[in-house]
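Participant: Chain by chain, the residues run as shown.
There are 2 protein chains.
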Amino acid sequence: MRARLAAVPLCVLLLLSGSAEAKKKKPATSKPTAPLARLVGEAITSDVGWERLVHLCDRIGHRLSGSPQLDKAIAWAQERMREDGLVEVRAEPVEVPAWVRGSASLKLITPRPMPLDVLALGGSVATPEGGIEADVLVVDSLDDIASRDEGEVAGRIVVYDLPFTSYRETVGIRVRGAAAAAKKGAVASLVRSVGPKSLQTPHTGNQGYEEGVTPIPTAAITVEASEMLRRLQERGTTPRLALELGCSMAPPAQSANVIGEVRGSEKPEEIVLVSCHLDSWDVGQGAQDDGAGCMAAMEAGRLIARLPEPPLRTVRVVLFTNEENGLAGGKTYAAEHADETHFAVLESDTGAGTPLGFRVDLRVPPTEPGGEAVRDDDAWPATLENLAPLAAALAPLDAAKLTPGYAGADISPLVRMGAPGFGLSQDMSGYWPIHHTEADTIDKIDPVIFRKNVAVFTTAAWVLANMSDPPRP
Amino acid sequence: MRARLAAVPLCVLLLLSGSAEAKKKKPATSKPTAPLARLVGEAITSDVGWERLVHLCDRIGHRLSGSPQLDKAIAWAQERMREDGLVEVRAEPVEVPAWVRGSASLKLITPRPMPLDVLALGGSVATPEGGIEADVLVVDSLDDIASRDEGEVAGRIVVYDLPFTSYRETVGIRVRGAAAAAKKGAVASLVRSVGPKSLQTPHTGNQGYEEGVTPIPTAAITVEASEMLRRLQERGTTPRLALELGCSMAPPAQSANVIGEVRGSEKPEEIVLVSCHLDSWDVGQGAQDDGAGCMAAMEAGRLIARLPEPPLRTVRVVLFTNEENGLAGGKTYAAEHADETHFAVLESDTGAGTPLGFRVDLRVPPTEPGGEAVRDDDAWPATLENLAPLAAALAPLDAAKLTPGYAGADISPLVRMGAPGFGLSQDMSGYWPIHHTEADTIDKIDPVIFRKNVAVFTTAAWVLANMSDPPRP
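In the order they appear, the protein sequences are chains A and B.
Heads up, the first sequence is in this note's numbering, so the first residue is 10 and it goes up one at a time.
Heads up, the second sequence is in this note's numbering, so the first residue is 10 and it goes up one at a time.
Simulated from the structure, these hints should not be mistaken for lab results.
Do not rely on the hints blindly, as some may be mistaken.
Because identical chains cannot be distinguished in the list, a pair is counted as satisfied if it fits within a single copy or across any two copies.
[Said to hold, decoys possible] Taking lysine to any residue pairs in the SDA-like style, the calculated list, with each CA pair at most 20 angstroms apart, reads: (1) Lys410 with Pro317; (2) Lys116 with Pro172; (3) Lys340 with Glu381; (4) Lys116 with Thr247; (5) Lys81 with Val98; (6) Lys192 with Gly181; (7) Lys116 with Pro77; (8) Lys206 with Asp436; (9) Lys81 with Pro120; (10) Lys340 with Gly217; (11) Lys276 with Ala314; (12) Lys81 with Met123; (13) Lys206 with Tyr440; (14) Lys206 with Gly439; (15) Lys206 with Met437.
Please construct the entire structure, taking both the sequences and the accompanying hints into account.
Facilitator: Following this line, the structure appears as structure tokens:
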């Protein structure tokens, strides 16, 4: 069955899509308001979202879970939502881990003294008093370290020098490298930064120790340093490093998901969730990851709230906390809102490059409480048909590409419970070089493309909040 | 008149050029040696130059004038030249300035505390004891600062936020910004780094105070910081900064130009100088600027010295000192070798990108001693004709583009005295992002393209050392 839009936006969509078949099914009405055109027009011409992103980046800065900056951002975002006319604006409490980076230094000792850039990985333990000085063993991969004798590794600082291919293919070494090296007796592990380009640019990110394996200090080094250590080893020198990390884990902190709503007119109990994460790593400005996504989500709420008529369903804007190092925001929300109907859950968390469409994650809901939804790839053609109004509305923005895929970390607990997930899909070529680095700053974002993302995200929220039929066939 | 190559290489050149006209003029001989083909083949297949570049970068590192690393490089390069069979290998003493960077810190105070990256500019004075804390004035250009009232500028830290267009167009603000700001009473000046891309990447470089104007501390900040300061100012906030620079000028140091030769067989008194600069800024590895150029110059000497027969003229390899902050090496050499005949002077100092050809700077020699050579652009067509053998030899390497232009800083004193200058011309798109930064490291250099540069530089040296007629018509 071809899904149709209910209520107001239909006439606009039909005009936008130019679909003769759709026109035949239901002729355009003479309703005077054209909310989707208005939303797109305001998204593309308004400075509000951009100026908020400037404020978030320049005045508040990066926002690690447990930091005062994140608290400041949480308070500020609620004020903005109230100004925007959203209702039920609140900060829903979430307990988050509070990892503190502390001091860090890395020095090449052999073959010559030289300071090297270093950025501890999230959750890393500190080095012992006085730091660690040890010989280096450069390895290629997790398989490589697993194949080594303990005698080769024990007492060493392991350096994982894996060149970037894609994030998906290379991030595993960052996440599991410390545990893998510790199992062989390494005293610390360093990972070549996970990124495609480097100007001496370390990339932080999360990592996970394994239960039962001694946690060892772990950090990212630059591509430049990693390749130098490899060159030295390949030429017969065992490099020696001195590492000092002053990381610590404070007691869990109180944080919050920031939430505001535009109540639906006909089905207020059905929720179209529009989301992002407000926390960031403690480097740069958290501009692409995920300040831009948050300002797009807030703009979707603001612009929809300004329309003369509300959407059919409730649009709920959620700025999640603690995506980067724990996902406590997403998990807590899913647990506390499990009994609500999430008609669709949207997230923007892949930067602010040119929008392309959405990665759609539709699963068959679990049959019993607490069960997990399962993928059903065979349903994709029918899903695409149901989503035709969404594609039609996105087509004029050249962002109508709907593909099956992972929709986003914060909404993943909801998706696993069966909520239809939509991840804003963007050109990420400018994203990976600055991902989790000091260079994730607003100057990397084009204001025109940012506003186009606002238009796409708002359009999708509006269309989904007004569709007659659910995304899932 | 069409210039011809003398002696051995002619047959090879004719084969390479495939010029029917040339063949008609002088048929290929049956001489068994094919030196140019051998030079190109060895340049492209040998690992010696690359491994030396690895050694220079990884084992010695950056090499500022007056530093122990530069001394080490000077000693090492002489050893290599002796191994290579060059003759008259020596270090000709040069007195160089010894600027010491010292400590540096920059902090945003208003609107919020935040550390910022900073890199003092060469020759900068230190800040007073305890550093400087002052309000910021962001300006666009030297004209902008010149147009300001002293009341606007006095007591401020001036920030020059000029976006990069080309190095030539934007470097002036780095060189003259401190003096221009000091004239209006500024207490320090900061320049947006001169480079096209940034991952929080400050670029150092030289600057010049003006006589009679109080020298004020001056440094480069990142593109990110510069744009943030501008955004704050444009939105009504006067940013406040705390700057501390511990720069100092030590007494002049003894350094040296490293020189080695392959004596010419027929005109040993005519010199084809093949050069680069061995010093670098005190950041990164000085890999593109100008380690790669030096290894190419040394390879030219080594490969030509290995031939069974020497060139007609003397090939003299010169690794100049102190290009970056004084040009004392180039000036001293020119003064001390003024009575020698420099048939051609070549320099490689624009990185290690794909070689394109040479920038040729031919001037009419001065008529009286101590006079300056003058350009004669009308002579270019005839010059090109004289250089046809060079272009023909470079054509198979796809690097035959000869254009009139600036040949290089170190050889500029010789060129002004009338020596024909040849600057190796390269694709510089990968050069400017890392120029004078911590990211100027060997990983940015493609070994295959490096070897192609060696081939081009060696070919040019060989052809010029054997040409029958001088470059100048």
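Participant: State for each hint whether it applies.
Facilitator: Taking the hints in turn, this is what the structure says about them:
{"no.": "1", "hint": "Lys410 with Pro317", "verdict": "neither (30 angstroms within a copy, 66 angstroms between copies)"}
{"no.": "2", "hint": "Lys116 with Pro172", "verdict": "neither (22 angstroms within a copy, 34 angstroms between copies)"}
{"no.": "3", "hint": "Lys340 with Glu381", "verdict": "within (14 angstroms within a copy, 77 angstroms between copies)"}
{"no.": "4", "hint": "Lys116 with Thr247", "verdict": "within (14 angstroms within a copy, 38 angstroms between copies)"}
{"no.": "5", "hint": "Lys81 with Val98", "verdict": "within (16 angstroms within a copy, 66 angstroms between copies)"}
{"no.": "6", "hint": "Lys192 with Gly181", "verdict": "within (16 angstroms within a copy, 56 angstroms between copies)"}
{"no.": "7", "hint": "Lys116 with Pro77", "verdict": "between (31 angstroms within a copy, 19 angstroms between copies)"}
{"no.": "8", "hint": "Lys206 with Asp436", "verdict": "both (16 angstroms within a copy, 19 angstroms between copies)"}
{"no.": "9", "hint": "Lys81 with Pro120", "verdict": "between (46 angstroms within a copy, 14 angstroms between copies)"}
{"no.": "10", "hint": "Lys340 with Gly217", "verdict": "within (18 angstroms within a copy, 58 angstroms between copies)"}
{"no.": "11", "hint": "Lys276 with Ala314", "verdict": "within (16 angstroms within a copy, 87 angstroms between copies)"}
{"no.": "12", "hint": "Lys81 with Met123", "verdict": "between (39 angstroms within a copy, 16 angstroms between copies)"}
{"no.": "13", "hint": "Lys206 with Tyr440", "verdict": "both (11 angstroms within a copy, 14 angstroms between copies)"}
{"no.": "14", "hint": "Lys206 with Gly439", "verdict": "both (10 angstroms within a copy, 12 angstroms between copies)"}
{"no.": "15", "hint": "Lys206 with Met437", "verdict": "both (13 angstroms within a copy, 17 angstroms between copies)"}
Going down the numbered hints, you'll see the structure goes against 1 and 2, while the others check out.
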